[in-house]
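Read top to bottom, the protein sequences are chains A, B, C and D. Here the working numbering is used: the first residue of the first sequence is 501, the next is one more, and so on. Here the working numbering is used: the first residue of the second sequence is 501, the next is one more, and so on. Here the working numbering is used: the first residue of the third sequence is 501, the next is one more, and so on. Here the working numbering is used: the first residue of the fourth sequence is 501, the next is one more, and so on.
Calculated directly from the structure, the hints in this document are not laboratory data. Careful, some of the hints might be misleading.
Identical chains blur together in the list; that is why a pair holds if it fits in one copy or across any two.
[To be verified] The calculated DSS-like cross-link candidates involving lysine-lysine, where the alpha carbons are at most 25 Å apart (straight line), are:
id	residue 1	residue 2
1	570	507
2	527	504
3	619	527
4	507	527
5	655	507
6	590	527
7	570	776
8	513	776
9	504	619
10	575	507
11	504	590
12	547	570
13	655	695
14	570	527
15	547	527
16	547	504
17	776	590
18	776	507
19	504	776
20	575	776
21	547	776
22	513	655
23	513	575
24	619	547
25	619	590
26	619	776
4 protein chains.
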Amino acid sequence: MIAKLVKNPNAAKVDELLARLSEMGVKGQLIQGGAAMVIAIIGDTTKVDQDFLHAQDIIEDVTRIQEPYKLACRKIHPTDTVVTVGGTAKIGGDNFAMSAGPCSVESREQLCTIAESVKASGATVLRGGAFKPRTSPYAFQGMRDAGIDLLVEAKRQTGLPIVTEIMDISQLPLFDEVDMIQVGARNMQNFELLKELGRLRRPILLKRGLCATLDELLMSAEYIMAGGNTQVVLCERGIRTFETATRNTLDLSCVPVLKQRTHLPVIIDPSHATGKSAYVAPLALAAAAIGADGLIIEVHNNPACAVCDGPQSLTPAAFDPLAGQIRAILPSAYRY
Amino acid sequence: MIAKLVKNPNAAKVDELLARLSEMGVKGQLIQGGAAMVIAIIGDTTKVDQDFLHAQDIIEDVTRIQEPYKLACRKIHPTDTVVTVGGTAKIGGDNFAMSAGPCSVESREQLCTIAESVKASGATVLRGGAFKPRTSPYAFQGMRDAGIDLLVEAKRQTGLPIVTEIMDISQLPLFDEVDMIQVGARNMQNFELLKELGRLRRPILLKRGLCATLDELLMSAEYIMAGGNTQVVLCERGIRTFETATRNTLDLSCVPVLKQRTHLPVIIDPSHATGKSAYVAPLALAAAAIGADGLIIEVHNNPACAVCDGPQSLTPAAFDPLAGQIRAILPSAYRY
Amino acid sequence: MIAKLVKNPNAAKVDELLARLSEMGVKGQLIQGGAAMVIAIIGDTTKVDQDFLHAQDIIEDVTRIQEPYKLACRKIHPTDTVVTVGGTAKIGGDNFAMSAGPCSVESREQLCTIAESVKASGATVLRGGAFKPRTSPYAFQGMRDAGIDLLVEAKRQTGLPIVTEIMDISQLPLFDEVDMIQVGARNMQNFELLKELGRLRRPILLKRGLCATLDELLMSAEYIMAGGNTQVVLCERGIRTFETATRNTLDLSCVPVLKQRTHLPVIIDPSHATGKSAYVAPLALAAAAIGADGLIIEVHNNPACAVCDGPQSLTPAAFDPLAGQIRAILPSAYRY
Amino acid sequence: MIAKLVKNPNAAKVDELLARLSEMGVKGQLIQGGAAMVIAIIGDTTKVDQDFLHAQDIIEDVTRIQEPYKLACRKIHPTDTVVTVGGTAKIGGDNFAMSAGPCSVESREQLCTIAESVKASGATVLRGGAFKPRTSPYAFQGMRDAGIDLLVEAKRQTGLPIVTEIMDISQLPLFDEVDMIQVGARNMQNFELLKELGRLRRPILLKRGLCATLDELLMSAEYIMAGGNTQVVLCERGIRTFETATRNTLDLSCVPVLKQRTHLPVIIDPSHATGKSAYVAPLALAAAAIGADGLIIEVHNNPACAVCDGPQSLTPAAFDPLAGQIRAILPSAYRY
């Protein structure tokens with residue numbers, strides 16, 4: 501950690517700060533630069549609160565050198581984490597996972613039709629929303645409990661493990677048979693929920709918030725991991741920018757960046773990122789080419805009648821050839 | 501609502517869509533423009549899901565003309581809402597409210613010292629964090645239950661009503677004596693929490709999310725109001741941009757925009773927006789000049805030792821003259 | 501074009517506006533919606549200034565339905581434009597172009613070594629900067645005239661056509677032997693320069709501005725095309741967001757969006773977008789998979805000693821296998 | 501400057517780098533932290549190119565401690581710069597300047613009417629656009645040369661100094677009688693133009709780019725100052741964010757930030773920032789309260805018929821009381 505001092509800092513305050521750092525178990529080393537004086541703080545600086553330094557009036561600026569996350573950090577844990585969902589679908593390392601399914605669970609028939617179809621096309625995980633975060637209180641809020649029941653039924657019928665979103669701690673008892681629990685973009689920093697999920701020993705699919713940096717995403721993963729649950733899958737689903745042609749801007753460069761910083765698997769959601777089905781296939785292919793560990797794609801048997809997010813859903817007839825193209829683009833060791 | 505059709509749309513599908521709109525209780529009127537054909541949808545379009553339209557392959561684009569919120573909409577409810585906090589502090593209409601206090605509650609002594617001091621300077625509401633949303637799981641998470649107890653004690657001692665943040669529905673029973681419940685920026689779209697708060701009949705301070713548009717903020721207010729709780733105070737606390745000189749970018753233009761769109765009061769939090777105490781006073785004055793209904797400012801008796809957000813806290817000695825300057829700048833009818 | 505009227509608009513002013521529209525050669529059709537009244541403006545609305553409508557006090561909001569660009573619009577010109585650079589390199593349609601070379605031209609030896617090497621790896625265009633836009637006035641500003649001379653020499657030696665950036669109209673006489681003239685991101689809306697380039701009949705490589713929308717990029721292309729120069733190649737090089745892990749955020753979804761909106765070719769610059777060589781290869785592969793018409797990649801024989809942008813440059817040894825991988829990922833008809 | 505080394509860096513390369521730094525006239529001091537090793541670079545680091553360091557494979561990250569600008573830096577030049585426009589209007593220090601006038605010069609009558617009117621209301625500088633940067637090539641591009649002539653005429657008639665925008669170096673000969681030359685947001689990083697303006701000895705009004713950081717704005721000012729022209733006035737006119745309620749987001753916090761970092765005056769343009777006349781007055785008052793050194797406001801005698809930017813123009817009747825309110829809010833020493 502590097503703390504830049506103000507011009508002509510009070511010498512007594514500098515000494516006091518150095519003594520204070522020493523008490524914290526780290527060492528402050530004073531360095532006189534050309535135009536500025538800095539204190540290099542040496543030792544395990546995760547114990548040092550950046551805010552504490554910023555609040556000292558002799559300090560102008562603070563730069564963290566060490567990563568603020570440990571359990572998620574590749575430098576400390578160099579081996580790729582492989583997450584296994586429901587005993588069958590592996591994500592990470594050399595394993596590519598394909599999740600597919602409707603945005604919302606609407607009915608037994610709808611869900612089972614889609615589940616059978618995406619399984620036949622090669623999907624390894626079934627997705628489907630039971631609790632739906634909607635911008636408007638007047639919009640369909642999901643089938644809720646009944647939706648979870650239908651997902652569990654579809655899982656029994658097809659053998660596909662299931663992933664679905666939790667929106668509040670109080671819903672957790674309903675998720676006993678859910679193989680991977682999704683934390684949506686809007687809850688990426690719902691820290692109470694993250695801590696609760698850290699107590700589980702089940703895979704968590706953690707979506708990046710709409711305006712979260714990659715380091716913040718890793719800190720949210722760290723919240724879950726700090727509780728002992730190390731099965732975290734990261735998911736990029738588009739960030740908010742000034743561009744309006746797509747709903748959000750898919751930040752595919754997150755894949756090489758995250759691969760460098762963490763050992764956790766990274767998957768891509770092109771459906772929510774773009775909001776338009778015509779853009780899903782090209783972005784899915786790009787995600788496969790860039791080295792993502794998986795995809796999560798919305799598929800609906802009748803997008804024009806979907807209760808939610810129809811515009812971004814592929815038909816089974818469009819998903820099937822896409823799944824083949826994706827397999828063809830993956831490095832051979834990696835094909836699922 | 502205006503739906504733009506694709507070039508050469510299938511005529512049968514257009515007829516089908518018009519029939520479908522009719523079933524929904526709205527009327528679709530076909531208009532042939534110069535290069536494009538549009539359908540103008542007439543009637544109460546809050547019932548029409550934009551997604552449903554987007555998912556039709558004959559539709560290229562959809563524009564909503566009517567506001568998607570009703571209870572929060574000034575066109576429908578032209579009179580300013582005045583929210584009363586704890587029987588004494590009014591916000592909105594001609595009433596300006598000054599909230600002040602520490603970022604985190606740290607101890608009885610700290611809180612009471614600050615509370616007495618800000619009261620003497622003219623604050624009308626005491627703020628203080630008991631549950632703290634922190635990016636790192638290793639950072640101080642707040643005094644939690646014990647912090648709420650101290651706030652209630654400070655309220656009894658000073659007579660100032662209190663505002664503090666809730667982070668999860670399960671904490672609600674602890675908030676019985678809290679006069680105004682704050683929803684933090686990260687929970688602005690925690691819809692389950694919003695619905696729960698809609699069942700209360702107590703003021704809610706709703707902070708704008710870091711990348712939320714003003715219409716999304718109003719939709720979150722609508723979630724609370726749809727439950728019957730109309731005492732919502734909106735708060736701007738900075739949005740995320742590419743600029744790094746301040747923690748976030750305070751969007752002061754939100755005040756005239758929101759005043760036009762809604763009857764709800766709007767207050768400004770310059771402390772979180774900038775993250776640096778040196779910038780708090782100028783932005784607080786600007787907020788008063790632009791017509792905000794109140795301010796929420798962090799004050800700490802010893803910022804250099806604060807457990808959290810010390811860098812953005814004013815000392816009581818700095819807050820006192822600022823409070824005076826703010827009063828001087830307010831329109832006279834409005835001075836608190 | 502749809503103009504939404506304010507609540508209870510002055511009837512005389514509405515009539516006046518309808519008459520005024522009629523004079524402009526378009527027709528205004530009044531539609532009474534549920535809660536709002538709109539005027540649908542029918543005819544060739546490219547003549548109608550959106551600002552003019554916004555400035556009328558009876559109008560609350562205006563939505564353009566028709567695209568504001570014509571020459572660049574795929575609806576009007578459905579066939580892919582194929583741009584030929586220097587008689588040999590084709591971009592667009594089924595043609596993929598690979599541009600490569602150093603960020604800055606530094607010396608005859610440096611440039612020729614790199615040029616021969618990238619040619620051997622399959623590059624079809626040589627890039628190199630002679631005029632360099634640098635944030636700091638104290639940084640190396642490029643070899644300027646002498647740099648252009650060296651590029652022309654390298655072109656003669658290798659047969660590769662050249663692309664290099666122009667920064668001001670006054671430099672144009674120096675560009676006589678430059679096969680494709682680049683307009684950098686910072687000049688995307690240097691309208692006087694665009695108009696001047698519109699008078700040429702040579703390919704222009706137009707880079708997207710750091711905070712330009714895709715429609716603004718197309719409007720800048722329209723500026724060039726309006727002058728009669730239709731050989732415009734669009735280039736995405738990253739947009740500015742709040743993320744700091746990469747220099748900018750590469751918006752790969754621009755490829756399917758632009759392909760839908762325009763017939764002009766679209767190429768990707770992963771070097772400037774990320775600013776880090778480690779991320780160039782994965783993003784280049786993603787760009788090939790998503791259907792871009794080409795790539796522009798920085799290659800330097802000794803990145804550690806480059807005068808500019810060394811951190812994002814690949815060595816020839818890294819570029820060569822990448823070029824092979826890119827060819828393998830391209831649709832077969834498209835392989836260059 | 502602090503360079504963070506990769507894990508287990510090659511020792512020979514570290515020695516080589518230290519030697520190289522020594523040749524550059526700075527000293528590299530190796531510091532072993534807890535988990536990372538850094539090199540503190542001491543001396544005049546403006547000579548050290550950050551890119552050079554980033555390009556070394558033993559370096560993971562680089563942090564600049566010293567400001568990259570010198571002439572614009574308040575630490576080096578603590579006294580406020582006061583810019584005098586046309587011999588009469590002072591900006592900076594205790595001097596507040598009020599610029600007002602039409603977006604575009606349209607005719608002699610229009611300009612003179614507005615000029616007389618804003619002068620009567622207390623404006624100290626007349627603004628007006630002759631060369632207009634327009635997104636569309638089909639939009640009105642300004643009266644150009646003839647517009648400059650009319651501005652000069654209005655200056656003679658009213659005695660008000662004039663400010664108008666330059667769009668290209670080739671237009672410079674037309675600007676001989678222009679008192680302050682404006683560089684628009686889109687040209688903030690038109691470095692060739694900035695260098696040319698650095699050769700003049702006349703005030704330059706430098707607008708912040710739509711996605712420029714404040715440090716980039718200061719670097720552009722440094723370009724002008726490096727040529728010897730120290731009369732630079734900075735202008736904030738809104739940055740681009742995801743919010744759509746206003747055209748751009750006015751970043752008023754720039755005022756205290758810039759006041760801390762530079763001695764140059766800072767003025768605010770609320771008209772372009774919001775794009776809507778209803779928001780201009782509140783933001784102008786906020787700008788006065790926050791300590792800006794001036795305002796630039798669009799005034800048009802008939803906004804509904806303005807050829808450009810009518811929606812954001814105030815009428816003279818609206819500007820007059822606003823000017824009074826602004827004067828009332830300014831610190832007394834500062835009232836103009």
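Structure-based check of each hint:
Taking the shortest alpha-carbon separations for residue 570 and residue 507, only the inter-copy value of 15 Å comes in at or below 25 Å, while the best intra-copy value is 34 Å. When the C-alpha separation of residue 527 and residue 504 is checked against a cutoff of 25 Å, the pair qualifies both within a copy, at 15 Å, and between copies, at 18 Å. For the homomeric pair residue 619 and residue 527, neither the shortest alpha-carbon distance inside one copy (57 Å) nor that between copies (41 Å) is at most 25 Å. Taking CA atoms no more than 25 Å apart as the test, residue 507 paired with residue 527 passes in both settings, with 22 Å inside one copy and 20 Å between copies.
Taking the shortest Cα distances, residue 655 and residue 507 never come within 25 Å of each other, neither inside one copy (65 Å) nor across copies (42 Å). Proximity of residue 590 to residue 527 under the C-alpha cut-off of 25 Å is found in neither arrangement, the shortest distances being 44 Å within a copy and 50 Å between copies. In this assembly of identical chains, the alpha carbons of residue 570 and residue 776 lie at most 25 Å apart only when taken from different copies (24 Å versus 37 Å within one copy). In this homomeric assembly, residue 513 and residue 776 come within 25 Å of each other (Cα to Cα) only across copies, at 20 Å, whereas the closest approach inside a single copy is 58 Å.
Neither within a single protomer nor between protomers do residue 504 and residue 619 lie at most 25 Å apart by alpha-carbon distance, with minima of 57 Å and 36 Å respectively. For the homomeric pair residue 575 and residue 507, the shortest alpha-carbon distance between copies (8 Å) is at most 25 Å, but the shortest distance inside one copy (36 Å) is not. For a Cα distance limit of 25 Å, the shortest separation of residue 504 from residue 590 qualifies neither inside one copy, at 46 Å, nor across copies, at 36 Å. In this assembly of identical chains, residue 547 and residue 570 lie within 25 Å of each other by CA distance solely inside one copy; the values are 12 Å within and 36 Å between copies.
Taking CA atoms no more than 25 Å apart as the test, residue 655 paired with residue 695 passes in neither setting, with 27 Å inside one copy and 31 Å between copies. With identical chains, the CA atoms of residue 570 and residue 527 are at most 25 Å apart within one copy only, with a shortest distance of 20 Å there and 32 Å across copies. When the C-alpha separation of residue 547 and residue 527 is checked against a cutoff of 25 Å, the pair qualifies only within one copy, where the shortest distance is 12 Å, while the shortest distance between copies is 30 Å. Within a single copy, residue 547 and residue 504 get their C-alpha atoms as close as 19 Å, and across copies as close as 20 Å, so both meet the 25 Å cut-off.
Taking the closest pair of Cα atoms, residue 776 and residue 590 never come within 25 Å of each other, the shortest separation being 28 Å inside a single copy and 30 Å across copies. Taking the shortest alpha-carbon separations for residue 776 and residue 507, only the inter-copy value of 18 Å comes in at or below 25 Å, while the best intra-copy value is 54 Å. In the homo-oligomer, the alpha carbons of residue 504 and residue 776 lie at most 25 Å apart only across protomers (15 Å), although the nearest pairing inside one protomer, at 47 Å, exceeds that limit. Within a single copy, residue 575 and residue 776 get their C-alpha atoms only as close as 38 Å, which misses the 25 Å cut-off; across copies the closest is 19 Å, which meets it.
In this assembly of identical chains, the alpha carbons of residue 547 and residue 776 lie at most 25 Å apart only when taken from different copies (22 Å versus 45 Å within one copy). In this assembly of identical chains, residue 513 and residue 655 lie within 25 Å of each other by CA distance neither inside one copy nor across copies; the values are 64 Å within and 36 Å between. For a Cα distance limit of 25 Å, the shortest separation of residue 513 from residue 575 across copies, 21 Å, qualifies, whereas the shortest one inside one copy, 35 Å, does not. Neither within a single protomer nor between protomers do residue 619 and residue 547 lie at most 25 Å apart by alpha-carbon distance, with minima of 48 Å and 35 Å respectively.
Taking identical chains as interchangeable, the C-alpha atoms of residue 619 and residue 590 lie at most 25 Å apart only when both belong to the same chain, with a minimum of 15 Å there against 42 Å between chains. Proximity of residue 619 and residue 776 under a CA criterion of 25 Å is satisfied intra-copy only: 23 Å inside one chain copy versus 39 Å between copies.
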